[in-house]
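Engineer: Quick note on numbering: UniProt numbering labels position 89 of the sequence shown as 89, and the sequence is numbered without any gaps.
Do not take every clue at face value.
No more than 20 Å apart at the CA atoms, straight line, and that leaves these computed lysine to any residue pairs for SDA-like [to be verified]:
hint : residue 1 : residue 2
1    : K86       : Q111
2    : K86       : T155
3    : K86       : R21
4    : K86       : D132
5    : K86       : C97
By construction, these hints were calculated from the structure, which means they are not laboratory data.
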Amino acid sequence: MIPPPDPGVLHTPRLRLRLWRDEDLAPYVALNADPRVTEFLPGPVSPEMARRFFEMQNALYARDKCCYFAAELTSSGALLGFIGLKYQDFAVPFAPCFEIGWRLDARYWGQGLASEGAREVLAYGFNELGLDEIVSFTVPANERSRRVMARIGMTRDPAGDFSHPALPAGHPLAQHVLYRLSRRTAALSNGSAPGGRQASTTSTPAPRQRRSSSSTPVSACALVTMRLTS
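Build the full structure now, drawing on both the sequences and the hints.
Structural biologist: Below you can see the structure in the form of structure tokens.
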């Protein structure tokens, strides 16, 4: 059973980022049925896959205080998709790391919602979790996603580009480009963390890095190669 509704973990002027609920299943499956959303995914998302995803994200939040949060419009409560942070430790040179990712219903693209939510997640990661760096990655052709990464202050690291180990060599979605943002760079850019929270001088310890690389499912790439809204 998915845990009862959470009052909201993070808030922006237009968004509430929270834990997942049973009633999110139908709209989440529906948004993943849109070929524009799944353009850079290795396969479709079934209801059972969605339910497992919900349960996994809620469990990760209970353990690490971060996950891919359900993103909903504050004004209507409509589920838009997800925006959040996830600890990653698969076999790439820059891991272990914390990755910011998002996937939104195509009907809400072009409204700045991904950037708005992502900035708040960055602020949460740097100021509340005390992370030193947050990364993001996607397939090279995902220009929409890459524009969001740049808009929230992340910088491309060509030396870190990689072939995703969850996909076989030669798979058309295997190659990924890497973007990075350090806590120091985020603070220096405007004197505060990206979400507008004032940068703190002391760090809360980051979530314990306990997840083993063997626990990364093959379907994990479906969570990181996404068609994103701006």
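Engineer: Determine for every hint whether it applies to the structure shown.
Structural biologist: Outcome of the hint check:
1. K86 / Q111: Distance of about 24 Å is beyond 20 Å: violated.
2. K86 / T155: 19 Å, holds
3. K86 / R21: The given pair, whose Cα atoms are some 19 Å apart, holds under the 20 Å limit.
4. K86 / D132: 14 Å, holds
5. K86 / C97: 8 Å, holds
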